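*Asks:* Read off the chains here:
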Amino acid sequence: MTHHVKQKDASIPTIPFKARVSRWFGRNLIRIYALFGFTYLFIPVAYTFVFSFNDSGKSNLVWKGFTLDNWKNPCGAPEVCEALGNSIKIGLLATIFSTILGTMIAFAIGRYAFKGRSSSNLLIFLPMATPEIVLGASLLSLFLVFQINPGFWPTVIAHVVFCISFVVVTVKARIASLDPRLEQAAMDLYANELETFRKVTLPLVAPGIAGAALLAFSLSFDDFIITNFNSGTLKTFPEFIYTSAARGIPAQANVIGSAMFFLALFIVIAGQFVGKKVKVSK
Amino acid sequence: MSAILSKVKLPYLLLLPGFIFLFTFFILPIINLAQTSTQTPIAGGDTGQYEQTLRFSNYVDAFTENQEQFSRSFIYALCATVLALAIAYPLAYAIAFKAGRFKNFLLVLVVAPFLVSFLLRTVAWKQILGEEGFVVPTLRTIGIIGESTTLTSTSFAVVMGMTYNFLPFMTLPLYASLERIDPRTMEASGDLYANGITTFRKVTLPLSMPGVVAGTLLTFIPAAGDYVNAAILGSPNTKMLGNVIESRYFKIVDYPTAAALSFTLMAAILILVTLYIRKAGTEELV
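Chains as they are written, first to last, in my numbering: chain A, 1 to 282; chain B, 1 to 286.
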């Protein structure tokens, strides 16, 4: 066997086809694997997008033909846009409150050494380590004790609770990556503490705060479990999909989902682009 | 003097509003949940009316009644975590070391699917794997699954949905720790005659352990408490603890049992996580 191979090698200087193929696979195995990974990630996205063009009528289960009607009239199905509106309102309010509260905490923990700093870190970490269902259920029982009916504001409060920690972690990371010499330079140039903060520190941390706000909005917008416990009869977009899943969701929901996807993708890519420009100009 | 004083106070002033909020709407509810968990129905009262009797056997009852769902939650979450690790590690590795100038673009691609509402994606899986989708008929024609076998309403579908939904929580921390590895350490290992597998086992994997620990925790914790995947992709035979808690709250109005179950879930997760972090020996998580 070995003799035979040797002979072949001697007569043909190129590597045998089989060996070349297996070597190519060996070298690119990780890339092939990654390709499968990406396919897995994008199957339901592609499905959602394709079925937003389905001429489906009420239940969007089987492909019945191409139409643009759903995109022309995204509010065509009952309740869809009302639910979307609720989600956007709740998301914006939760983002504003959690970004303000979280950024303040991030500055305190990221900037100062004080007594109780490590227990503050723990208090921030705990909501992230608590299963959503426990967060949602415990808040609901608190509202029940105080006889507050679940609804719009309880949902906003619940969203702020789980968004704060993510804001703190994101902004804190940005503060930690700041070059302290920039602030020292401002002080050397006779800026007082407030001026330094306003003209140097805050602009430098701003991208982190913007990123945290985007993260908070997307977490709030997509949340189902905690919302389901605290929203009562109010219906958010995820709740609308959940309740209509049994009888088939309308194609308009796919339209909104796909549109959100492209909008968010645009923001992410634009953010990267802006981030790069800032770096270059610095 | 007043400047020094305010400097000492400043961090506390910054913390105050946020911490008052977290105390009122996070700590207090947890304490309240603990109280609820030992209550019993008021004799002759309406449904949903409970009084405090410190009945700790609520926990025993809740656990024994729902043992099956309890173990299912942890087995499913474990399977989903292992699968997500198996899928995400090569993915993160490829992006960190093989992507070249497409690195940022591929990173956006990893996150992009999660910009579509996660319920829409889960419902999409249900329809893709369902009787009217294209997967089941194809597999039947090839003969991989029998005529009567279905994919939805099975443990397989639930675990697959969970793996899918928590994949970015695994991929991003893995990528973050892989990206930090100096490729020269791997080259050095190769120069010292280690083959690819040895280099991975002795250099790359140990150096990426913080990412593995963070990723598995970020996947396992939400997966163990999840009930959406089980509700959409599963059947009554795949119910998890989350489904029980949800129905105890909304359908049966049995708050004490739901509270006891929530606490047991949280305690079990905390114990497992502590053991795991000890074993993995990483403390730079927080």
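Keep in mind the hints are simulated off the structure, nothing from the lab. If you're wondering where the values come from, they're calculated on a predicted model, not measured in any experiment. Be aware that a few hints might be false.
Stated by the list, open to error - Mimicking BS3-like on lysine-lysine, the simulated pairs with C-alpha atoms at most 30 Å apart in a straight line are:
(1) K251(B) / K18(A)
(2) K199(A) / K103(B)
(3) K251(B) / K89(A)
(4) K202(B) / K103(B)
(5) K235(A) / K98(B)
(6) K235(A) / K89(A)
(7) K98(B) / K9(B)
(8) K235(A) / K115(A)
(9) K89(A) / K115(A)
(10) K202(B) / K279(B)
(11) K72(A) / K235(A)
(12) K9(B) / K115(A)
*Asks:* Does each hint hold? Answer for all of them.
*Replies:* Results of checking the hints against the structure:
1. Under the criterion of a C-alpha separation no larger than 30 Å, the hint pairing K251(B) with K18(A) is inconsistent with the structure, at around 63 Å.
2. With a C-alpha separation of about 33 Å, the suggested pair K199(A) and K103(B) falls outside the 30 Å cut-off, and the hint is violated.
3. With a C-alpha separation of about 28 Å, the suggested pairing of K251(B) with K89(A) holds against the 30 Å cut-off.
4. Pair hint K202(B) plus K103(B) holds up; C-alpha atoms about 25 Å apart against a cutoff of 30 Å.
5. Under the criterion of a C-alpha separation no larger than 30 Å, the hint pairing K235(A) with K98(B) is inconsistent with the structure, at around 44 Å.
6. Simply put, K235(A) and K89(A) have alpha-carbon atoms about 12 Å apart, close enough for the 30 Å limit, and the pair holds.
7. Only pairs whose Cα atoms come within 30 Å are accepted, and K98(B) paired with K9(B) is rejected, the gap being roughly 50 Å.
8. The hinted pair formed by K235(A) and K115(A) fails the criterion: a straight-line CA distance of about 43 Å is larger than 30 Å.
9. Proximity of K89(A) to K115(A) is assessed by CA-CA distance (about 38 Å); at most 30 Å being required, the pair is judged violated.
10. Of the pairs offered as hints, the one joining K202(B) and K279(B) holds, with about 18 Å between alpha carbons and a cut-off of 30 Å not exceeded.
11. Taking the CA atoms of K72(A) and K235(A), the gap is about 24 Å. The hint holds against a cut of 30 Å.
12. A threshold of 30 Å between alpha carbons decides the hint, and for K9(B) with K115(A) the separation of about 11 Å falls inside it, so the pair holds.
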